[in-house]
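Trainee: One-letter residues, chain by chain:
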Amino acid sequence: MESLNNKEQQEFQKIVEQKQMKDFMRLYSNLVEKCFSDCVEDFTSSKLNNRELTCISKCAEKFLKHSERVGKRFQEQNALMNQNLR
Amino acid sequence: MSFFINNGQSLFSTETIDPVKIERASIQFDVLNVQFNSILDECYNKCINREQYNEGDLTKGENVCISRCVTKFMTVNKYIGAYMRDKYYYQFTPKNILKHYDDCIDKQRT
Chain A
0 MESLNNKEQQ
10 EFQKIVEQKQ
20 MKDFMRLYSN
30 LVEKCFSDCV
40 EDFTSSKLNN
50 RELTCISKCA
60 EKFLKHSERV
70 GKRFQEQNAL
80 MNQNLR
Chain V
0 MSFFINNGQS
10 LFSTETIDPV
20 KIERASIQFD
30 VLNVQFNSIL
40 DECYNKCINR
50 EQYNEGDLTK
60 GENVCISRCV
70 TKFMTVNKYI
80 GAYMRDKYYY
90 QFTPKNILKH
100 YDDCIDKQRT
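Residue numbers (numbering that gives the first Met the number 0), protein chains in the order written: chain A, 0 to 85; chain V, 0 to 109.
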């Protein structure tokens, strides 16, 4: 990445924080959709049954752990590629 | 005199902001971000058993699968980049691939 001066870095940080917030909201709604689609199938009642509830909490936990792992590996791979470019 | 100092930099610094550089950094960020989000989605669908959530933790198999999946996705990215550079260097440009953008600009003009 091109070197930015201090002022530019501050400006860029603001932009990244906005993007991060937007992305986080998107991630959240995707997670809801994913777990709803994978776990909720019974429409004989408007209440979530126990099976659905446990499925949803496992689904959410699984996704969080998944994204944590992907993030870690992604960073590693990126660092490796940047090294090879040099 | 901490008054004059703001995070180790002077309040009266003469540095200016170059919007072009900011825009470029922001595009580079977006590229990385899109890639990360595709990996997140792709590897979830390929590695996680979505039929049945037996546990919230990642299983051993899922862990291994995710690590390989991330590496492979990025390798595919690298290969396609190299392929396009080698074979279609002149054709593979935004202007050529996304021609409809120009149509939109033309329409705005008329």
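Simulated from the structure, these hints should not be mistaken for laboratory data.
Keep in mind that the hints are not guaranteed to be accurate.
In silico BS3-like links for lysine-lysine, alpha-carbon gap of 30 angstroms or less [stated by the list, open to error]:
hint, chain 1, residue 1, chain 2, residue 2
1, V, LYS20, A, LYS21
2, V, LYS20, A, LYS71
3, A, LYS6, A, LYS21
4, V, LYS45, A, LYS71
5, A, LYS71, V, LYS98
6, V, LYS59, A, LYS71
7, V, LYS98, A, LYS64
8, A, LYS18, V, LYS59
9, A, LYS18, V, LYS86
10, A, LYS21, V, LYS86
11, V, LYS71, A, LYS57
12, A, LYS64, V, LYS94
13, A, LYS13, V, LYS45
Chain V is faced by these chain A residues, among others (derived, beta-carbon under 7 angstroms) [said to hold, decoys possible]:
hint, residue
14, GLU51
15, CYS54
16, LYS64
Chain V is faced by these chain A residues, among others (derived, beta-carbon under 10 angstroms) [to be verified]:
hint, residue
17, VAL15
18, MET24
19, ASP41
20, LYS46
Here the structure is a predicted model, which is why all the values come from computation and not from measurement.
Quick reminder that beta carbons are idealized off the backbone N, C-alpha and C, glycines included.
Trainee: Within 30 angstroms, alpha carbon to alpha carbon, are LYS18/A and LYS86/V?
Mentor: Answer violated: LYS18/A to LYS86/V is near 34 angstroms, above 30 angstroms.
Trainee: Holds or violated: LYS6/A with LYS21/A, Cα cutoff 30 angstroms?
Mentor: Given pair LYS6/A, LYS21/A holds - Cα atoms ~23 angstroms apart, limit 30 angstroms.
Trainee: Have a go at the ASP41/A hint: is there a Cβ in chain V nearer than 10 angstroms to its own Cβ?
Mentor: violated (16 angstroms)
Trainee: Is the shortest C-beta separation between MET24/A and chain V less than 10 angstroms?
Mentor: Hint violated; MET24/A Cβ to chain V Cβ min 13 angstroms, cut 10 angstroms.
Trainee: Assess, step by step, whether the Cα of LYS21/A is no farther than 30 angstroms from the Cα of LYS86/V, and give holds or violated.
Mentor: violated (37 angstroms)
Trainee: Using Cβ atoms only, decide whether CYS54/A comes closer than 7 angstroms to chain V, and label the hint accordingly.
Mentor: holds (5 angstroms)
Trainee: Compare the distance between the alpha carbons of LYS18/A and LYS59/V with 30 angstroms, and conclude whether the hinted pair is satisfied.
Mentor: violated (33 angstroms)
Trainee: Given the hint that LYS20/V pairs with LYS21/A, does the C-alpha gap stay at or below 30 angstroms?
Mentor: holds (22 angstroms)
Trainee: Return the status of the interface hint for GLU51/A: holds when the least beta-carbon distance to chain V is below 7 angstroms, violated otherwise.
Mentor: Not OK, violated: GLU51/A not within 7 angstroms of chain V, min 11 angstroms.
Trainee: Does the structure keep LYS20/V and LYS71/A at a Cα separation of 30 angstroms or less?
Mentor: Satisfied, since the Cα-Cα distance of roughly 28 angstroms is no more than 30 angstroms.
Trainee: Is the straight-line distance between the alpha-carbon of LYS59/V and that of LYS71/A 30 angstroms or less?
Mentor: Holds. LYS59/V to LYS71/A sits at ~17 angstroms (cutoff 30 angstroms).
Trainee: LYS46/A was flagged as interface toward chain V. Is the shortest Cβ-Cβ separation under 10 angstroms?
Mentor: Violated - the Cβ of LYS46/A stays beyond 10 angstroms from chain V, reaching only about 20 angstroms at its closest.
Checked against the numbered hints listed earlier, the structure breaks hints 5, 7, 8, 9, 10, 12, 13, 14, 18, 19 and 20; every other hint is satisfied.
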